[in-house]
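Please model the complete structure; the sequences and the hints are all you need to start from.
Under the UniProt record's numbering, the first residue of the sequence shown is numbered 1, with each subsequent residue one higher.
It should be emphasised that the hints constitute simulated quantities derived from the structure, not laboratory data. Even glycine gets a Cβ: it sits at the ideal position worked out from N, Cα and C. Some hints here could point you the wrong way.
If you anchor each label on the Cβ, the simulated ranges turn out as follows [what the hints assert, rightly or not]:
id	residue 1	residue 2	range
1	Asp51	Arg103	25 to 33 Å
2	Asp51	Lys124	12 to 20 Å
3	Lys167	Pro137	23 to 31 Å
Derived lysine to any residue pairs resembling SDA-like cross-links, with alpha carbons at most 20 Å apart [said to hold, decoys possible]:
id	residue 1	residue 2
4	Lys71	Tyr134
5	Lys104	Phe190
6	Lys113	Glu76
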Amino acid sequence: MQRRVVEPVKEPELDLSHLTLEESQAIQQVVSTFSNLFSERPGNCQIVTHDIQLTCNKPCKAKPYRYDKQKELIIEEHINEMLQNQIISPINSDYASPVVLCRKKNDFPPSDKKAWRFAIDYRKLNSITKFPVYPLPVIEEIIRKIKSTRYMTTLDLTSGYYQIAMKPEDIHKTAFITKSGTYAFLRMPFGLCGAPSTFQRAMDIVLKPVLGKSTLIYLDDIIITNPGRKKTLNDKRQQRGFSTKKL
Numbered sequence: 001m002q003r004r005v006v007e008p009v010k011e012p013e014l015d016l017s018h019l020t021l022e023e024s025q026a027i028q029q030v031v032s033t034f035s036n037l038f039s040e041r042p043g044n045c046q047i048v049t050h051d052i053q054l055t056c057n058k059p060c061k062a063k064p065y066r067y068d069k070q071k072e073l074i075i076e077e078h079i080n081e082m083l084q085n086q087i088i089s090p091i092n093s094d095y096a097s098p099v100v101l102c103r104k105k106n107d108f109p110p111s112d113k114k115a116w117r118f119a120i121d122y123r124k125l126n127s128i129t130k131f132p133v134y135p136l137p138v139i140e141e142i143i144r145k146i147k148s149t150r151y152m153t154t155l156d157l158t159s160g161y162y163q164i165a166m167k168p169e170d171i172h173k174t175a176f177i178t179k180s181g182t183y184a185f186l187r188m189p190f191g192l193c194g195a196p197s198t199f200q201r202a203m204d205i206v207l208k209p210v211l212g213k214s215t216l217i218y219l220d221d222i223i224i225t226n227p228g229r230k231k232t233l234n235d236k237r238q239q240r241g242f243s244t245k246k247l
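In structure tokens form, the structure reads like this:
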């Protein structure tokens, strides 16, 4: 997805030890050609925006959850990073949902920001939100389609949800409260009941020309399947080139 901010990017480290020299060089060429797609900063997709349609106009508010000093510092680190990346912005809003820190399954110590997923408890907001109707892929169907494939390439988007813009008039509804203040999301946050549908719709639009041929998607996971390595390289090049051109 196209990035508003151009920044230096670092090509990912690849384990190509299982490939022949020719195959390894071909993979490295593809990665080098599309190196601008590899970034730790989420892009800014404007193909769709996420809206929040409510069943009533009564704002929902909650107090911030209590955390120990260490977790409060981690929350502030997440907030500062999101402010820097223009994912959130300070706001005065009638809405307020509390922050939730969820432990990730990784080896980082509890004192490290990367050990925690920053999320918002949107249960009150979701309870008065109209659930959008949009079909998600059936996982069993995806598994059935990849059973016969010999080679697979998987792609994962950087902070996929944060690449989708919020509808401007609904930004204030995403407000969350912390000890340091109240903020709202300029990008679509994890936890909103309609977020998966909006994200899947964006992916379906972006990858429509290659869906059903050799490409399967489930939210931010992209799977490219092919019977041979050479065809896999060609399809990967086509897909990345298409993404660069269209987003």
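Now for the hints, and whether the structure bears them out:
In this structure, Asp51 and Arg103 meet the distance hint of 25 to 33 Å, their C-beta atoms being roughly 31 Å apart. Between Asp51 and Lys124 the beta carbon distance is about 18 Å. The supplied range of 12 to 20 Å therefore holds. Hint check: Lys167 to Pro137, Cβ distance near 24 Å, so the stated range 23 to 31 Å holds. Between the alpha carbons of Lys71 and Tyr134 the distance comes to roughly 36 Å, so the proposed pair goes past 20 Å and is violated.
Simply put, Lys104 and Phe190 have alpha-carbon atoms about 15 Å apart, close enough for the 20 Å limit, and the pair holds. The hinted pair formed by Lys113 and Glu76 meets the criterion: a straight-line CA distance of about 10 Å does not exceed 20 Å.
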